[in-house]
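Each protein sequence line maps, in turn, to chains A, B and C. Residues in the first sequence are numbered consecutively from 1, following my numbering. Residues in the second sequence are numbered consecutively from 531, following my numbering. Residues in the third sequence are numbered consecutively from 776, following my numbering.
Please note that the accuracy of each hint is not assured.
Claimed, not checked - Examples of chain C residues toward chain A, derived with CB under 10 Å:
(1) R924
(2) Y939
(3) G1054
(4) P1058
Quick caveat, the hints were computed from the structure, so don't treat them as lab data. For glycine and all other residues, C-beta sits at the position ideal for the given N, C-alpha and C.
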Amino acid sequence: MLKKLLITIVLIVQGLAVSAQDFEASVAQLPEGGYSDRAIIVHQIADSGDDRAAVVLELLLAGDLYFHKAERIVVRLSEIGDDDVAFDLLTDAEIGIVGRRDAKKIKVNNGLRREIRAVLGAMYLQNPDPDVRMEAAEAVYKSGDPDQISALDAAIVAETDDDVATAFREARAVAVLNSDLDVSEKLAAIVTLRERGGRDVPGVLAAFTDDPDLGAAATTAITEIEDIQKLWNLGQNIWYGLSLGSVLLLAAIGLAITFGVMGVINMAHGELVMLGAYTTFAVQEVIRNEFPQLFDYSLFIAAPLAFLVAGLVGVAIERGVVRFLYGRPLETLLATWGISLILQQTVRSIFGPNNREVGNPTFMSGAFELGGMTITYSRMWILLFSLVVFAGLLLLLKRTSMGLRMRAVTQNRKMAADMGINTGWVDAMTFGLGAGVAGLAGVALSQIGNVSPNLGQGYIVDSFMVVVFGGAGNLWGALAGAFSLGIANKFLEPFAGAVLAKIIVLIFIILFIQKRPRGLFALKGRAVEN
Amino acid sequence: MTSQLYLSGVSCSFDGFKAINNLSMVIQKGELHAVIGPNGAGKTTMMDIITGKTRPDEGEVFWNETVDLTKIDEAGSAQLGIGRKFQKPTVFETLTVEDNIAIALKADRGVLATLFDRQTKKQAKKITELLELVRLNDDRARMAADLSHGQKQWLEIGMLLAQDPELLLVDEPAAGMTDAETMRTADLLKSIAGERSVVVVEHDMEFVRALNCKVTVLHQGSVLAEGTLDHVSAMPEVIEVYLGR
Amino acid sequence: MFNRLIDRRMGIFLFGLFVLTVAVPVGNLAMSGQPVPSYAVALMAKYLCYALLAVSLDLVWGFAGILSLGHGAFFALGGYAMGMHLMREIGPRGVYGDPLLPDFMVFLNYDALPWFWLGFDNFLFAVLMVVLVPGLLAFVFGWLAFRSRVTGVYLSIITQAMTYALMLTFFRNELGLGGNNGLTDFKDVLGFNLQTDSTRAGLFVIAATALTAGLLISRFITTSKLGKVLVGVRDAESRTRFIGYRVEGFKLFVFVISAMMAGVAGAIYTPVVGIINPGEFSPANSIEIVIWVALGGRGTLVGAAIGAIIVALAKTLLTGWIPEIWLFALGGMFVLVTLFLPHGVLGAVENTLNKFRPKKETTV
């Protein structure tokens, strides 16, 4: 940080007409005189505007400046191995190893240290770059150094950027609390901090709760901030829950089609998700080796491919096995379980049994702050992706002729066949669609964890729970089921821990199904039961 | 004379659709009673309510003027003495014809009693009687799945009689039967009535005519007309409902 | 009664089992040159435990139509109950030599034995728990599920969720049942050293006896009027209700009996293999039981036992030969059996035999 500061200073200060001689002369005078003389020189150095001024002052503050007796110049000592090596302060040329008697330390006392800090603070606080000023404000906020108050006051007057000015005021408030200014100033400071809020403020204020004058104000401010903080935590938990829900939704939504719409239990659904994830992995491998510049687009290439791969495997499953078992749900369950074992072992044989890492493109990495919440980009995009997939499916089923045929076949197969719909083809397409969506889920899942042949197994129980909870045959049910289970899970975690939370949610669903055997959004009536 | 079955102001709806709407009806002991009505008139839902499969939203359903049928489940209603035959014949396909009758035979329905049950000579004789009545004695060792549609209908009627019910609810018994079988069914139901009460839901007017009994016409969940077949079929509302569309 | 319980296939199977029960211990212990090696005795005992487990599942799936995908949970609970007794029998001979606490508790800094371990030092108490704990779980779960008329695949899915939840629970160290590693390092049972050939042979005989008992009990149930009612429930549940049977009570009865039987299988399994761990609760294990039954012949009891033995034997052979091929074989088995062998191996064999038998006049 310091280096960055200095470089900025260099760039700006070069334009100013300031004599380098003044600066070098001042530096040369440093070893002379007493502490009060040295204070004057410190100000001269600061006022010289030389780009090296800040470094010199920082070194002086740290006690690294010495007077080299032989060369009769000011040097900085740096420990290299066991030896102290001297460097010329102005030219940075190495002078050589110095013994204890070869150099005399340029001493600073507490008063002078305070002076230097104030001068440095002012230099940074009034830096032309707002980022530097912001960082300086944060540094003061953290240190709470009362010596910076005057520098802050000056900086606040000069400041044009509102955000930075606020940061200055907050930094000043902390400094004021640590100073010996009078109570009214301090009370005002507490108000400033209360308005700032945030995770660290209660920590700052906690030191003053026992103060006879400030205690009451500090305590109320702390409670108030913590209340707001609780709301943010709630928001953060909801976010985590939504994020988990979006993953569940992606995993369950394909199932909602095969199980919900077709009434087919597809135990290989998790493996279709896994195939989608491995497609992403394979695409990234090719891109890494052949077209590294395309890496950021890898997901856009992988998503349609994953849909196709999983979809085709799904069609193959339907045509090869499932279609012979319509009307025998338990047998379908067993046969598709067998397929899931075969798919797992196939992938294991091809890609090996170990976890594979899929990279995040740049737009998927990192996080941003939203008020008191942290939101990672990958989770955010996955949430959006899941909603887009959901909306797309809804449109497909409700608004296209393909969707109409699918619904016709599931509602009355015979009549649909009589009306000229090729029911076998529609079955295959519907199953393929559910499978393809599973593939898309795999692309998303590859972005938040490792990819392994067992990937699907971890989701199969959960996604069935979502579909059963939401009510089979209803995409909206899957949506509600996924998000409510996701949020419930995340809210239980702080009290119960991740595993216990999951167990509690499972038990809840088992009990829930007793109450409403056909799920949250089930249709009622005679027709449904027959 | 006490009523066998008493329905008063019964309503029942599914997702806003009123399947039964303020229905009232009385079945006397020993009465043979036919219920007719177009599709969706609420005939099957009415039977569901009587047998405890569906709970009505409002209204009273009483058995023998004392037992509240709205608080009883299917097994309970059967144990009270209500026998029900479905529209689609439902028999136990992977049991033999004889076993179908045997498990329907009136007996203690408790779990342990059933586990340790041993067939008595009297029960065996009763089974043979019933099989002869429904003309399936020669097929008693066959799997029920292997029977023809009409034979399954008969088997189901046999099972119903094996329960020794006070009231029989019979849903379209003539469906899938030949004309001769239909007439024989009508004769059988008439011979049962008197000793037991019988409610028949039917579409086939010939069959209803052959029953020669009181007829209730259901429409949109409530009673449209009641009386003899000739009486109701002359009523303009009934003609409207049956023929007007 | 004898005729009712033992039909031709049951007779042949039980006779074969009896021959094995005599021949295996004799071949292992009493004959020179040990024609039956010791590892084979343990292996066969394990297969018989699986066979009993398969019979227990066939009782509910084959007859009442309840496809439980959580029967492994009952098996594992029985195994844990026995495992807890075996842990207590180790006494101070553990690695840490603690007189009271099993090794894993010393390792996890337990001060005292958790309350639910009390009583397990008594063998009879443990045996009681072997049946009671799975039975109780089945009772509570079944009571809730059957009363609400959860049927078909919905029931299958929630039984799967049940065993999954239990697996997660048993993986937790805080549960006080060994967490990840489960219970192991047993020394002896009722004072007999588990490492000796004679104890192994004894366990084999016990497993064979338990299987015989399980088959006969199941046969008694399925040939009774209750068994016919259960078939009725499987074929047409609502018809059974309208005849006057409270279906939930019948299902619950058979589900609880079946769970207890699975618990007994697990209890014998634990000393045979020397370990019980949470992996036994995994949903995949429970589904595997289903393929044993389907392969052997659903609803035949004997077929289920044979199916379990065939699959377990195939697993031992194939994983020893080419490990990668096992999952392909198992997966293929699920697909092929459901598509082409609706009555399982037993059904196929009997059909083939019937074709070659000269047609006799059928007199009924």
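Mind checking the CB of G1054 of chain C against every CB in chain A and telling me if the closest is under 10 Å? Given a least distance of 13 Å, the restraint on G1054 of chain C is violated.
Minimum beta-carbon distance criterion (10 Å), Y939 of chain C to chain A: For Y939 of chain C, the interface hint holds, since the closest Cβ of chain A sits about 5 Å away, which is under 10 Å.
Would the hint on R924 of chain C be counted as holding, given a Cβ-Cβ threshold of 10 Å to chain A? With a closest approach of 6 Å, the R924 of chain C hint holds.
Hinted contact P1058 of chain C with chain A - closest CB pair below 10 Å: 6 Å, holds
Hint 3 from the list above is the single one not met by this structure.
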